[in-house]
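Student: Positions 1 to 147 (the numbering used here) are the ones given, in order, by the sequence shown.
Hints should not be assumed to be uniformly reliable.
As the list claims (entries may be wrong) - Label-pair ranges, simulated between beta-carbon atoms: (1) I74 with L112: 17 to 27 Å; (2) I74 with F46: 11 to 21 Å; (3) A29 with I106: 16 to 26 Å; (4) G35 with E92: 28 to 38 Å; (5) N126 with G35: 31 to 41 Å; (6) G108 with T7: 18 to 28 Å.
By construction, these hints were calculated from the structure, which means they are not laboratory data. Remember, predicted model here, so these are calculated numbers, not experimental data. All residues carry an ideal CB built from backbone N, CA and C; glycine is no exception.
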Amino acid sequence: MLAKWLTADRINIVEQVEDWRAAVRLSAAPLLDAGAITPDYIEAIFASHEKLGPYYVIAPGLAMPHARPEEGVITPALSLLHVKQGVHFESEENDPVFVIVMLCAINGEEHLEMISHLAELFSDENDFEALIKADTYPALNTLIQKY
């Protein structure tokens, strides 16, 4: 099911990024290009980060930046960015982040469906570790195809 959302054009692998903002922008780029979100969605993520901190850095090495549907979602979508050298999101417990999964959903049902499939991947200790270390498209795609 994740393969339905995380297609080749929605996955980017880079050596490094300047900072967490650049990582968010780069992870959002495929969704912007596809018309799934507006630029307002990215700005809403930045505003939430400034107000609440990096609440979306959910595990060591993993961030899931997102905003509310009314803040710029056009259609449900996911994207994945892998930063080989990692990036700091100001999350003491979970930095550096290597995998950024951008999530956008229009309603709660879509949100839960995406989250449940991602949670399966994230809850399998071996696959989660493989996801954090996977820095090639074939390695990432193999994991995505399982869920």
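Student: Next, verify each hint and record whether it holds.
Tutor: These are the hints, each one checked on the structure:
1. A hinted range of 17 to 27 Å for the beta carbons of I74 and L112 is consistent with their spacing of about 19 Å.
2. Here the CB-CB span from I74 to F46 is close to 19 Å, well matched to the stated 11 to 21 Å.
3. A hinted range of 16 to 26 Å holds for the C-beta pair A29 and I106, which are about 20 Å apart.
4. A hinted range of 28 to 38 Å holds for the C-beta pair G35 and E92, which are about 36 Å apart.
5. With their beta carbons about 36 Å apart, N126 and G35 fall inside the hinted range of 31 to 41 Å.
6. For G108 and T7, the hinted distance range of 18 to 28 Å is satisfied, since their beta carbons lie about 24 Å from each other.
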